[in-house]
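> Residue-level listing of the chains:
Protein chains: 2
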Amino acid sequence: MIHHHTSLVNGSFDQEISALDRGFSYGDGVFRTMKIRDGQPVSWPFHYQKLVADCAVIGIVCPSAELLMLDIQQLFPIDEFDNAEVSVAKIIITRGEGERGYAPPAVTIPTRVIIKSAMPTYAETYYVQGIRLHLCETRLALQPKLAGIKHLNRLENILARMEWREESIFDGLMLDTNANVIECTMSNIFVRVGGHLYTPDLSQCGVAGITRQRILGLESLLGLTCSQATLTLPELLSADEVLICNSLYGAFQVTAVGNQTWEQQNLASKIRNILTHG
Amino acid sequence: MIHHHTSLVNGSFDQEISALDRGFSYGDGVFRTMKIRDGQPVSWPFHYQKLVADCAVIGIVCPSAELLMLDIQQLFPIDEFDNAEVSVAKIIITRGEGERGYAPPAVTIPTRVIIKSAMPTYAETYYVQGIRLHLCETRLALQPKLAGIKHLNRLENILARMEWREESIFDGLMLDTNANVIECTMSNIFVRVGGHLYTPDLSQCGVAGITRQRILGLESLLGLTCSQATLTLPELLSADEVLICNSLYGAFQVTAVGNQTWEQQNLASKIRNILTHG
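Chains as they are written, first to last, in this note's numbering: chain A, 1 to 278; chain B, 1 to 278.
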């Protein structure tokens with residue numbers, strides 16, 4: 001019988017977290033979610049670079065790529081037959097343990113956690129036809145000092161995600177407190193207007209995911225200009241095509257936001273193919 | 001030899017936290033910090049009521065007062081001689097464990113953690129003369145859905161607290177992104193203008209602590225009107241008297257914010273005495 005470990009904490013299998021960990025006390029850390037295929041994290045250079053950059057924003061020195069890769073190899077051994085398939089790794093890096101109080105200790109040892117989970121199963125219709133979005137009432141607050149990074153302070157996303165329960169809704173569209181379109185609870189968003197592809201500027205809030213970053217680099221392959229811009233809800237609703245993206249599903253076309261609907265088109269599947277095989 | 005336990009997790013001594021706890025993954029929870037005197041939490045009815053209310057804002061059902069009091073009695077037994085003195089309890093309530101994803105599971109069992117620590121030692125000068133504040137560059141983002149509650153998403157406070165290291169600075173004054181005065185990193189703030197005592201309105205951001213709430217109820221004892229108001233930095237700097245408060249130290253006069261200084265006055269010590277003995 002093979003024992004299937006599900007997490008690694010500071011290099012040890014299935015350990016728990018100290019009640020004094022600042023990740024637990026204050027959400028003082030960052031995370032990443034990525035596909036693992038044949039024991040290897042997909043798009044690892046993008047993920048690791050983003051992890052290092054996000055850590056740096058809040059003053060955490062990210063563990064080395066070598067150490068994290070060693071962790072991943074332990075948790076996703078390629079000799080386990082079920083790992084020939086795709087699964088998911090979530091990497092959490094926190095500032096480490098600390099006594100009560102917001103000031104970080106003079107010396108901290110970051111806590112690193114890898115959690116293994118199954119790849120979500122997406123309905124065939126999401127790939128073929130597209131997905132529906134709920135328009136969230138919960139707005140994203142403007143905080144330029146934390147904008148763009150995937151930190152552990154995620155109560156806004158939770159409140160937004162609690163707004164709907166319908167299985168037919170894939171994700172929720174979030175505006176900021178100025179009513180500009182920012183992202184979805186677990187996805188970034190793009191709109192096509194003619195030959196231009198836009199994604200919201202994330203200098204005030206939101207998470208700048210690596211799939212968003214990769215799509216911004218596909219200009220020549222897509223034959224579209226790609227840029228970041230301020231995007232209002234009316235602009236999104238009148239766009240020619242809307243799509244969302246993240247590291248797990250790649251890209252899906254948005255076919256409905258509330259009452260606004262879009263015909264099935266091919267940009268999302270084209271992008272998904274490039275991301276996977278390009 | 002008596003073993004001194006330092007924490008209680010779901011009623012068990014010195015246990016750790018699951019890596020899947022949503023408090024760790026997302027800061028999905030709330031907390032309270034309070035004094036323990038002779039094994040009893042000081043101002044417990046205020047603290048428990050606030051804990052229940054804060055939990056409710058994010059949809060967590062707070063454990064019963066009886067259960068939490070039982071925990072506190074276990075962690076702070078009155079027969080340990082060192083508990084005749086004052087120490088500190090931090091209570092953390094999270095939504096409990098959950099698989100990856102922002103949607104809370106259909107059924108969750110909240111995680112309850114009590115952490116024991118020593119009462120901070122405050123310099124005699126803080127009581128006699130007052131304290132100095134750093135004016136923080138880090139602003140509080142406007143998020144009415146989370147305003148007032150003491151949740152576990154505290155990266156703004158951490159970034160603000162990381163702005164100074166001088167021992168002579170007791171706390172940092174924080175403005176919101178509209179430049180209104182809100183609070184300090186670990187304290188609420190009041191200003192006296194003539195016979196009026198004002199504390200910032202916290203409907204957009206900030207933590208509405210129970211000592212702030214208690215002070216707002218001292219109108220007749222203080223002979224001052226007490227109210228919440230929008231407060232600009234110039235208004236604070238030109239106030240007759242400024243004081244900060246929290247559950248551990250009670251109230252301290254503010255004698256300096258940057259270059260602005262105030263003469264020693266007696267409102268803070270008067271309030272401290274009423275809070276302690278009144």
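Hints are computed from structural coordinates only; laboratory data are not their basis.
Check the hints yourself; a few may be wrong.
No distinction is drawn between identical chains; accordingly, a pair holds when it is met within one copy or between any pair of copies.
Derived pair list, reagent style DSSO-like, types lysine-lysine, alpha-carbon separation capped at 30 Å [said to hold, decoys possible]:
| id | residue 1 | residue 2 |
| --- | --- | --- |
| 1 | Lys145 | Lys270 |
| 2 | Lys150 | Lys35 |
| 3 | Lys90 | Lys150 |
| 4 | Lys145 | Lys90 |
| 5 | Lys145 | Lys35 |
| 6 | Lys35 | Lys116 |
These numbers were taken from a predicted model, which means no experiment stands behind them.
> Hint by hint, note whether the structure agrees.
Now the hints, each set against the structure:
{"no.": "1", "hint": "Lys145 x Lys270", "verdict": "neither (35 Å within a copy, 38 Å between copies)"}
{"no.": "2", "hint": "Lys150 x Lys35", "verdict": "within (17 Å within a copy, 35 Å between copies)"}
{"no.": "3", "hint": "Lys90 x Lys150", "verdict": "both (12 Å within a copy, 27 Å between copies)"}
{"no.": "4", "hint": "Lys145 x Lys90", "verdict": "both (24 Å within a copy, 28 Å between copies)"}
{"no.": "5", "hint": "Lys145 x Lys35", "verdict": "within (29 Å within a copy, 33 Å between copies)"}
{"no.": "6", "hint": "Lys35 x Lys116", "verdict": "within (10 Å within a copy, 40 Å between copies)"}
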